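The chain contents come next:
Protein chains: 2
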Amino acid sequence: MNNSTLDLLRSHRSIRKFKDQPVGDVLLEQILQAGQSAATSSFLQGATVIRVRNPDSRQKLAVFAGNQPYVASAPEFLVFCADLRRAGNCCERHGKTFSGEYTEHFIIATVDAALMAQNTVVAAESAGLGICYIGGLRNNPREVSDLLQLPVGVYPVFGLCLGYPDQDPEVKPRLPLSVIVKNEVYDDRGDVAVIDAYDEQVREYYRTRTGGGHGISWSEQVATLLSEKARPHMRGFLAEQGFEFK
Amino acid sequence: MNNSTLDLLRSHRSIRKFKDQPVGDVLLEQILQAGQSAATSSFLQGATVIRVRNPDSRQKLAVFAGNQPYVASAPEFLVFCADLRRAGNCCERHGKTFSGEYTEHFIIATVDAALMAQNTVVAAESAGLGICYIGGLRNNPREVSDLLQLPVGVYPVFGLCLGYPDQDPEVKPRLPLSVIVKNEVYDDRGDVAVIDAYDEQVREYYRTRTGGGHGISWSEQVATLLSEKARPHMRGFLAEQGFEFK
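Residue numbers (the numbering used here), protein chains in the order written: chain A, 248 to 493; chain B, 248 to 493.
Hints in this document: simulated from the structure, not taken from any laboratory. It cannot be assumed that every hint is accurate.
Pairs involving identical chains hold if they fit within one copy or between any two copies, as the list cannot separate such chains.
[Said to hold, decoys possible] Computed cross-link-like contacts, DSBU-like style, restricted to lysine-lysine with a CA-CA straight-line distance of at most 35 Å:
(1) Lys493 with Lys266
(2) Lys493 with Lys343
(3) Lys476 with Lys264
(4) Lys266 with Lys343
(5) Lys419 with Lys307
(6) Lys476 with Lys343
(7) Lys419 with Lys493
(8) Lys307 with Lys264
(9) Lys419 with Lys343
(10) Lys419 with Lys476
(11) Lys307 with Lys476
(12) Lys493 with Lys476
(13) Lys307 with Lys493
(14) Lys266 with Lys307
Remember, it's a predicted structure, so these values are computed and weren't measured experimentally.
Please build the complete structure, drawing on both the sequences and the hints.
Here it is, written out as structure tokens:
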């Protein structure tokens, strides 16, 4: 099986350097509409996207994201939010009380935002654009939310840079499918040797890409990441935004 | 702008009735590999997919999902899991302690699973398959996890039915883009009238589809959903699986 969509999906890599060429309102709208066609849990449509063009806001977001300059310089920057406020308003409209704040609601809205974002990404890439997800917005979610005037019931899941690529990085090798896909039950007993070989492949990828620089393996990278405190402010921030994890 | 990928994305609808024709191992592998090419937060690759073919397991999953027969009858059924166990193992491998259990980790792994799933869906649809997400697995996540032997650090986010469509439902109309996409800041003051018109469109969609049956609007549907308790067991279940929301 081979088709242009499969080729497109397999050729994904993050783009952080963009040409000046604007994306344009018409194309952006088409891309977002295609994005919106993604499945949505119980038809909730629990995602809201903030398109930020104001250069001052962009500059601030770039800093909030942990100094990622392409957040400011990308032709387009979208913030994908999980949104339960719209659903809460529907309750009001029909004289019902929003039960809100369940962990399940958090999952539904977060997944809705992610599905719409990934569809948007595929649409964008099919039009020749490059993208980069910006999870770094969660470094300073309070500041991001204040800037974008996000009300209670809404939180920024991640940002997305878009534009015509001005670089052509290699596709980053993924874990072998045998590690990711299991048959019938979860069984990772055979994974150690496979990950060893993959680690070597990733080391080589970094060595080549950085011109002989750091050749850190996948498992080292993940170990470093997961042994550190991960944005410990998120829980408190989400509580402020009305996500209570009941 | 028009291309086959955009057309494909815009034509998505859930399929719940499938032909007997099998998907086949080779195609499924290609689809999952394309799915895996999606972005992953900090290169974590925090998703694991369980492919369930055993008819007895399928029957059980169909019941756990709230009696959705197509979970048993679809040619393929995949369970997309958020997985921090693999990352935890990487910590062990490099003599580090897994900090685990932060809300942020829950977000990262859940989003990773969703991004990979949506890429998998696009790949599948590009090959002529139809799909249906099964969030209903979260009705009985403990039973699902026991059946699939999901260890601590892993939870089932949703399932996915796949197969060649044996029905041709209409595309479900989505909220107008002006409700979903905002400029610079979150401002929903103009949305009420737009949602009124959309509600009428959705009523009409249901009236046509169900042959004059229920013509429930979007906002009524959402109000009903969000005024009920939403899977209140999720928090306790996730705690058992090691997701602590620190």
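Outcome of the hint check:
In this assembly of identical chains, lysine 493 and lysine 266 lie within 35 Å of each other by CA distance neither inside one copy nor across copies; the values are 46 Å within and 41 Å between. Taking CA atoms no more than 35 Å apart as the test, lysine 493 paired with lysine 343 passes in both settings, with 19 Å inside one copy and 32 Å between copies. Only within a single protomer do lysine 476 and lysine 264 lie at most 35 Å apart by alpha-carbon distance; the minimum there is 30 Å, versus 46 Å between protomers. When the C-alpha separation of lysine 266 and lysine 343 is checked against a cutoff of 35 Å, the pair qualifies neither within a copy, at 49 Å, nor between copies, at 41 Å.
For the identical chains of this complex, lysine 419 and lysine 307 are intra-copy neighbours only, at 30 Å inside a copy versus 38 Å across copies, given an alpha-carbon limit of 35 Å. Within a single copy, lysine 476 and lysine 343 get their C-alpha atoms only as close as 40 Å, which misses the 35 Å cut-off; across copies the closest is 13 Å, which meets it. Proximity of lysine 419 to lysine 493 under the C-alpha cut-off of 35 Å is restricted to the inter-copy arrangement: shortest distance 31 Å between copies versus 38 Å within a copy. In this assembly of identical chains, the alpha carbons of lysine 307 and lysine 264 lie at most 35 Å apart only when taken from the same copy (19 Å versus 49 Å across copies).
In the homo-oligomer, the alpha carbons of lysine 419 and lysine 343 lie at most 35 Å apart only across protomers (25 Å), although the nearest pairing inside one protomer, at 49 Å, exceeds that limit. Taking the shortest alpha-carbon separations for lysine 419 and lysine 476, only the intra-copy value of 26 Å comes in at or below 35 Å, while the best inter-copy value is 42 Å. Taking the shortest Cα distances, lysine 307 and lysine 476 sit within 35 Å of each other inside one copy (24 Å), while across copies they are farther apart (38 Å). Taking CA atoms no more than 35 Å apart as the test, lysine 493 paired with lysine 476 passes in both settings, with 23 Å inside one copy and 10 Å between copies.
In this assembly of identical chains, the alpha carbons of lysine 307 and lysine 493 lie at most 35 Å apart whether taken from the same copy (33 Å) or from different copies (28 Å). When the C-alpha separation of lysine 266 and lysine 307 is checked against a cutoff of 35 Å, the pair qualifies only within one copy, where the shortest distance is 21 Å, while the shortest distance between copies is 52 Å.
In terms of the numbered hints stated before, the structure departs from hints 1, 4, listed from lowest to highest.
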